[in-house]
Amino acid sequence: MTDLSIARDSRPDVPRPTPPIRPEYERGVAATGAIGDVARPLSPWEKLANVTALRRALLLAVVAAVWQAAALWQDNPLMFPTVSATAAALWDAVLRDNLLSMAWVSLSILLKGYAIAVVLAIGLTTLAVSTRIGDDLLSTLTSMFNPLPAIALLPLAMLWFGLGAVSLTFVLVHAVLWPLALNTHAGFTAVSETLRMAGRNYGLRGPRYVLAVLIPAAFPAILTGLKVGWAFAWRTLIAAELVFGVSSGKGGLGWFIFQNRNELYTDKVFAGLASVILIGLLVENVVFRWIEAHTVRAWGMVR
Amino acid sequence: MNALSRAAIDPSAIAYPVDNALPDAALHRPLLDVSGVTLQYKTRDHLVTACYRVDFQLFQAERFVLLGPSGCGKSSLLKAVGGFLAPVEGAIRLNGQAVTQPGPDRMMVFQEFDQLPPWKTVKQNVMFPLLASGKAKRREAEEKALAAIAKVNLSTFADAYPHTLSGGMKQRVAIARAMAMEPDILLMDEPFAALDALTRRKMQEELLQLWDDVRFTMLFVTHSIEEALVVGSRILVLSPHPGQVKAEVNCHGFDLSSTGSPAFQSAARRIHTMLFADEVEADGVGARS
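Chains A and B, in that order, are what the protein sequence lines are.
Okay, so the first sequence: first residue is 5 according to this note's numbering, each after it adds one.
Okay, so the second sequence: first residue is 8 according to this note's numbering, each after it adds one.
There could be a bad hint or two in this list.
With a straight-line Cα cutoff of 35 angstroms, these simulated DSBU-like cross-link-like pairs (lysine-lysine) come out [what the hints assert, rightly or not]:
no. : chain 1 : residue 1 : chain 2 : residue 2
1   : B       : K144      : B       : K86
2   : B       : K142      : B       : K158
3   : B       : K127      : A       : K51
4   : B       : K49       : B       : K144
5   : A       : K116      : B       : K127
6   : B       : K127      : B       : K151
7   : B       : K127      : A       : K231
8   : B       : K253      : B       : K49
9   : B       : K142      : B       : K127
To be clear, the hints were calculated from the coordinates, so they are not data collected in a lab.
Keep in mind that this is a model prediction, so the values were computed, not measured.
Chain A with its partners taken away, still in its complex shape (with noise of 0.2 angstroms):
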């Protein structure tokens, strides 16, 4: 202790400052209304910037005017039409090639498929977290069967249900099942001990656990997972409509795509890529953001 203060105080001709020690004093606080208004409305253009469908569109419109540009610069409408041919090719589809009725084909296999994936994943994911073998079982057939591209097993599919819906909708339940289960599972044992013990507090056991606590609190995760899933069945059904879709009986948007190709009506392809591409948008943008924030951003889970 003595020998720090003495090295400290090298130069004792300097001294060394001390505090000032100044009044006290008190004071009243002026009322809000001196102040003026805490709280400032935003101007109408700082509104509307805030919009995100509106910065969206812009962009959306940027993005057609690069191509259209582009495409007039190129001026070969057979190997890649402008926005405006491409517009009138789908409005032309719509009145007279069924268009929206191919459309719905696609989106009713991939509906029941999802939801069926979504059952199971729920299912598995809730024996994975109740059971240690239901948690070896989990992590052992995501382990083996994520990484395997569900149009692989496409062929196989059709030897065993046959060339028909039946088929599609195994794929998908395979595209869609594994990333969800994943990604519900690490939402799952990622949910905080004390929220656990205290659902179990209230004597929640077993489906109504899971149900009641373990689901809304891993909602981020599985809303990943519903995400994912969801880009994977689209791309799958698409990619397994243009391979196999002819013999599906009644085609979807996939074969609707393939069949134009065939006839070299490139700007009917440009329509069918698309609506898909529109039909993807609108659910992500419309049908998930609604989700949204509906649940974890009300909730404050996620920003």
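Guided by the hints, dock chain B onto chain A, whose structure is given.
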């Protein structure tokens, strides 16, 4: 509250007001009986004994505090009473029934703010256990929830989500949720430890007022001697690692207004010596050798 502050000088000399007296049978039979309980944790390569042969009894309307340094197994004891941890030795009985699993007759208030499900509003949070345990139908649960929320002064926030509340408000919701269930015992695991000092003081005051109002039975875990003396009516002092019973001390005469009094100071010093006497002795031995 007033009964408490009047009697702040001599804690051992006062009794509770006669109109709150319970029938003899209820007074003589303990509500909670913990006898010879040893708790152990399994870690990857150790078997850790959290507490060793702990005995204590809890009677109706007591505010019983488990006090000890960290690692004395007081939180483990609370979890064992909650049914989350099975004792390897001894027994825990609630109303004569052995405790085997968690249940809504022992509501727990945790230290962490994330104990409230974020997907439910304040009102839904308080209703959740009532509905989950089947203790009340929806309409009745709503009435009980609103009454409990009013008791902790949060009526204006009944429809707010937990993430919009401050830490102190979240703990008040947790207390309201537990109170609405009218459990046999309220288990509190350092509920105010994560709060700032000013909020903590306010919450202690409110808890005492609430107790004066409802007269619930409470098992409270803390590592603060001052909090134990203020909040509790009786303190179980545990020794460190593994926790063993050192003493039971009465402190029903103290409240927040008596923290400066000589009696309070001497009680605090007495408990402080109890907790740290071993350590000083051990240090002394170490220095000599």
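To see whether the hints hold, each was checked on the structure:
| no. | hint | result |
| --- | --- | --- |
| 1 | B:K144 - B:K86 | holds (29 angstroms) |
| 2 | B:K142 - B:K158 | holds (20 angstroms) |
| 3 | B:K127 - A:K51 | holds (30 angstroms) |
| 4 | B:K49 - B:K144 | violated (41 angstroms) |
| 5 | A:K116 - B:K127 | holds (31 angstroms) |
| 6 | B:K127 - B:K151 | holds (16 angstroms) |
| 7 | B:K127 - A:K231 | holds (24 angstroms) |
| 8 | B:K253 - B:K49 | holds (25 angstroms) |
| 9 | B:K142 - B:K127 | holds (19 angstroms) |
Hint compliance for this structure: hint 4 is the single one not met.
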